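Quick mapping for you: the protein sequence lines, in order, are chains Y and D. In terms of the numbering used here, the first sequence opens at residue 6 and continues consecutively. In terms of the numbering used here, the second sequence opens at residue 143 and continues consecutively.
Errors might be hidden in some of the hints.
Said to hold, decoys possible - Far from chain D by the CB rule (all over 10 Å, computed), these chain Y residues:
| # | residue |
| --- | --- |
| 1 | 23 |
| 2 | 39 |
| 3 | 50 |
| 4 | 57 |
| 5 | 58 |
| 6 | 81 |
| 7 | 90 |
| 8 | 104 |
Stated by the list, open to error - Computed cross-link-like contacts, DSSO-like style, restricted to lysine-lysine with a CA-CA straight-line distance of at most 30 Å:
| # | chain 1 | residue 1 | chain 2 | residue 2 |
| --- | --- | --- | --- | --- |
| 9 | Y | 76 | D | 156 |
| 10 | Y | 47 | D | 199 |
| 11 | D | 225 | D | 156 |
| 12 | D | 225 | D | 199 |
| 13 | D | 151 | Y | 76 |
| 14 | D | 213 | Y | 47 |
| 15 | D | 213 | D | 199 |
| 16 | D | 151 | D | 213 |
| 17 | Y | 76 | D | 213 |
| 18 | Y | 73 | D | 225 |
| 19 | Y | 73 | Y | 61 |
These are computed hints drawn from the structure, not numbers from a lab. If you're wondering where the values come from, they're calculated on a predicted model, not measured in any experiment. Heads up, the beta-carbon is just placed ideally off N, CA and C, and yes, glycines get one too.
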Amino acid sequence: GESVGLHLPTLSVQEGDNSIINCAYSNSASDYFIWYKQESGKGPQFIIDIRSNMDKRQGQRVTVLLNKTVKHLSLQIAATQPGDSAVYFCAEPSPHYKLSFGAGTTVTVRA
Amino acid sequence: DGGITQSPKYLFRKEGQNVTLSCEQNLNHDAMYWYRQDPGQGLRLIYYSQIVNDFQKGDIAEGYSVSREKKESFPLTVTSAQKNPTAFYLCASSLPGGRNTGELFFGEGSRLTVL
């Protein structure tokens, strides 16, 4: 079964606002997570990753937060732009270095 | 430039026909993967290969076959035994776990439609 899952399938956000995308995982032993962005008709692209020895990691306009107590992670996008419209997946490695993906959250940016 | 190339981008097939999707990478990655994506769903693993001449079934391997004769190539055959083959197929590659972060590099996908 699925070991990671996102809370909401869709998110509509006003351009310029911040976006928060949530993801829950079930395996308390999980120690590494990756966020991917998939634009329409394209393959997913790596955004940012985080290891379990960290609570927070920042990239360019993106921040990932990891709460190991409640097995939850989130992706925050600052000052959301039209180019941020996409499907966002959280993923974690499973045995044999495969990645297990959640169902994805579709982010739509309103002008 | 290094990357993963999938072809064809769009493919139509009649019921009962086998079809092969191509995936080539020049990233010198050892591991390659095939995922299937249906509307509103996440990626589901079909097959993966960690080294040449070796591959393993993923979560939904029934009705599919693969080969890994070369490091650069990992073709996927969708056979007539696959009951619902219409989907978006994604190929990916990575360095084996323990040598990198586990990040996958994806191709642009192949959309298969069965008529």
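### Query
Which of the numbered hints above does this structure break?
2, 3, 8, 9, 13, 17 and 18
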